[in-house]
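Generate coordinates for the entire structure from the input sequences, incorporating the hints supplied.
Spelled out from the first residue to the last, the chains are:
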Amino acid sequence: MTPAPDTAMVTADGLPLKLKLRQAERRKKLTAFLLVTPLLLFIIVTFVVPIFDMMRRSIDNPEIGEVLPRTTEALQAWDGRDLPPESVYAAFAADMVEGRENRTTGRVATRLNYEISGMRSAVNSTARRAARLEAPFKESLIETHARWGDPYTWQVIQRESGRFTASYYLSALDLRYDESGRITLQPEEQRIYLPLALRTFWLSGLVTVITLILGFPVAYMLATLPLRYSNLLMILVLLPFWTSLLVRTTSWIVILQSQGVFNDIVAFFFGEGARMQLMHNQIGTVIAMSHILLPFMILPLYSVMKTIPPGYMRAARSLGANPFTAFRRVYLPQTIPGIGAGALLVFILSIGYYITPALVGGRTGQLVGNLVAFHIQNSLNWGLAAALGTLLLGSVVILYFVYNRLIGIDNMKLG
Amino acid sequence: MMTPLPPYAGKLERAWHWFYRGFCALVFFFLIAPILVIIPLSFNAEPYFTFTREMLTFDPDGYSLRWYQDFFTSESWLRSVRNSFVIAISATMVATVLGTVAALGLARSYLPFRAALMGLLISPMIVPLIISAAGMYFFYSSIGLAQTFVGVILAHAALGTPFVVITVTATLIGFDYSLVRAAQSLGATPTYAFFKVIMPLITPGVISGALFAFITSFDEVVVVLFLAGVEQRTIPREMWSGIREHISPTILAVATILVAISIALLVTVELLRRRSARLRGLSS
Chain A
1 MTPAPDTAMV TADGLPLKLK LRQAERRKKL TAFLLVTPLL LFIIVTFVVP
51 IFDMMRRSID NPEIGEVLPR TTEALQAWDG RDLPPESVYA AFAADMVEGR
101 ENRTTGRVAT RLNYEISGMR SAVNSTARRA ARLEAPFKES LIETHARWGD
151 PYTWQVIQRE SGRFTASYYL SALDLRYDES GRITLQPEEQ RIYLPLALRT
201 FWLSGLVTVI TLILGFPVAY MLATLPLRYS NLLMILVLLP FWTSLLVRTT
251 SWIVILQSQG VFNDIVAFFF GEGARMQLMH NQIGTVIAMS HILLPFMILP
301 LYSVMKTIPP GYMRAARSLG ANPFTAFRRV YLPQTIPGIG AGALLVFILS
351 IGYYITPALV GGRTGQLVGN LVAFHIQNSL NWGLAAALGT LLLGSVVILY
401 FVYNRLIGID NMKLG
Chain B
1 MMTPLPPYAG KLERAWHWFY RGFCALVFFF LIAPILVIIP LSFNAEPYFT
51 FTREMLTFDP DGYSLRWYQD FFTSESWLRS VRNSFVIAIS ATMVATVLGT
101 VAALGLARSY LPFRAALMGL LISPMIVPLI ISAAGMYFFY SSIGLAQTFV
151 GVILAHAALG TPFVVITVTA TLIGFDYSLV RAAQSLGATP TYAFFKVIMP
201 LITPGVISGA LFAFITSFDE VVVVLFLAGV EQRTIPREMW SGIREHISPT
251 ILAVATILVA ISIALLVTVE LLRRRSARLR GLSS
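Chains as they are written, first to last, in our numbering: chain A, 1 to 415; chain B, 1 to 284.
Simulated from the structure, these hints should not be mistaken for lab results.
Cut-off 27 Å, straight-line C-alpha distance, at most; resulting in silico cross-link-like pairs (DSSO-like, lysine-lysine): (1) A:Lys28 x A:Lys18; (2) A:Lys29 x A:Lys18; (3) A:Lys28 x B:Lys196; (4) A:Lys29 x B:Lys196.
Over 10 Å on every C-beta distance to chain A, these chain B residues come out as not near it, computed from the model: (5) Leu65; (6) Tyr68; (7) Asp70; (8) Ser76; (9) Phe85; (10) Val86; (11) Val180; (12) Ala183; (13) Leu279.
Keep in mind that this is a model prediction, so the values were computed, not measured. We treat Cβ as the ideally placed atom computed from N, Cα and C, and that holds for glycine.
Have a look at this one:
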């Protein structure tokens with residue numbers, strides 16, 4: 001009466017237990033996944049798609065291909081040397097006439113102006129006179145505007161007539177095409193974004209170091225004091241954390257401005273001449289950002305230090321280490337995960353900062369984020385804004401992966 | 001080092017001890033003073049951002065409530081208060097419902113692609129606000145949601161969900177699902193078991209997640225700067241233009257009110273955290 005080796009255990013409805021178990025497992029997984037689905041869809045639509053839309057914009061290049069279709073086609077046969085043949089000029093004149101009717105030449109004017117300054121007026125003035133142009137178009141176009149007699153203009157139109165472009169990224173990295181079409185660095189005095197990126201990294205690093213120097217002793221104090229006292233002191237850390245960013249920035253304006261609280265105290269002790277310029281420069285940005293980001297340093301440090309048994313230090317002392325050696329050799333190495341977490345968090349948050357530099361930074365205290373906003377709201381160069389934003393996002397994502405490797409996203413704690 | 005100095009401590013150790021305490025005191029001062037300094041200044045009788053002689057000598061004439069009066073009688077400020085609450089409460093409701101439901105799934109270790117999903121759902125918290133705002137501005141304007149309440153609410157809800165997901169998932173860590181099975185074996189329907197067994201446990205997490213989502217929306221200004229029209233201006237947006245354009249101490253009165261609100265929220269979250277730890281049997 002031993003069961004045959006091939007008869008597996010079955011459930012009440014006659015199905016093998018193994019199969020039934022697998023079904024149940026699959027149903028469990030499906031249920032868990034279905035619970036996540038609504039939020040997943042919501043985040044994709046409201047957040048992920050917009051981010052990808054921004055990335056698409058950074059390489060999107062519809063203007064020339066759409067507004068100058070004939071020119072684009074005629075230029076394909078051109079070898080790029082000297083001036084293009086009459087057929088290209090004729091095609092361009094026809095495109096301008098049509099573009100003038102459809103009111104689309106402005107897009108080309110703006111687009112070409114990003115590549116060669118002064119092209120806006122060249123295109124616009126040509127568009128105004130497009131209907132009156134006569135053959136031979138080469139001569140009459142060059143007469144309308146000298147730019148059409150420069151082979152470089154046509155090289156640029158040829159290069160930028162594709163559906164996608166790298167030119168926004170080149171601008172965002174202070175690169176350009178030289179006369180022979182090679183990619184080179186902008187001359188030093190025209191570089192904007194590389195110095196800005198350097199400044200952003202430098203100021204973020206500075207804020208990180210300052211918050212570490214200020215935050216480490218405080219976190220240590222909070223972790224080693226009896227709970228009664230540390231809970232009270234913790235409020236002093238958490239209150240700024242919960243206070244509105246705008247409120248904290250306002251406070252710093254009140255304190256730092258030349259007729260502000262700090263300078264009034266300085267003037268009281270050292271005379272009116274001692275007032276310092278602390279706002280609308282990098283000093284203001286660094287002070288205000290260090291204050292705003294300090295809790296983000298203290299909290300991860302504190303949660304790591306809280307797990308270090310105080311006995312280790314006592315053991316080191318009793319084995320003859322002086323307090324400094326005990327601290328350096330025994331305590332400090334154990335706080336490294338906390339230092340890493342806090343420093344990365346503060347650095348990641350700083351490089352994307354916008355509000356505080358915009359309000360207290362003046363001209364020299366601006367960061368990459370401010371230029372993104374500037375190109376969206378003022379210069380209306382959305383492609384460049386998108387390229388800058390994508391590069392900034394790339395840096396944050398890389399740092400975030402480092403963070404995840406070192407600390408793990410699941411260990412992120414709030415409050 | 002924080003325990004009282006042992007009697008055998010040397011001179012150097014004593015000096016270091018007091019230096020260390022003094023340094024920490026200065027850092028605490030640095031943390032808290034900028035927030036406290038605006039409170040007395042908001043009662044300034046003069047339109048200055050600094051202490052007047054009358055204020056320093058505690059002359060009653062140096063103090064007044066005129067900036068609060070200004071705030072409570074100004075049409076644009078009152079509208080911004082209304083907008084802030086409408087937007088923050090709506091965004092919080094969306095974020096809390098979606099975030100809580102998702103957290104119930106994310107807390108199961110057998111969820112497929114769990115790490116990737118978690119990363120994606122947390123991403124609104126990691127991506128710098130200026131980039132989120134830029135992306136949302138481009139996309140929402142192309143589908144006609146820019147300068148509408150719906151657009152701002154959806155954006156803020158997206159920014160708030162990671163906080164709900166994190167806090168609710170945290171309360172579910174270590175949860176014993178056999179409790180749910182026990183309830184069901186005793187005849188409870190899955191819904192009943194959810195409300196009677198899981199819900200009481202995650203409620204503190206849900207509420208503190210909701211509070212985080214609320215404060216995120218309530219404080220948020222970058223997305224509002226890009227997405228909101230004049231009709232949707234919130235308190236931080238009004239403060240932003242107050243600082244940039246027509247600076248008046250009314251901002252300080254508003255700031256003081258906001259500090260009071262943050263203290264209330266901080267206390268609530270702290271109490272909830274302790275209650276949650278107690279419920280889960282962790283020492284508080």
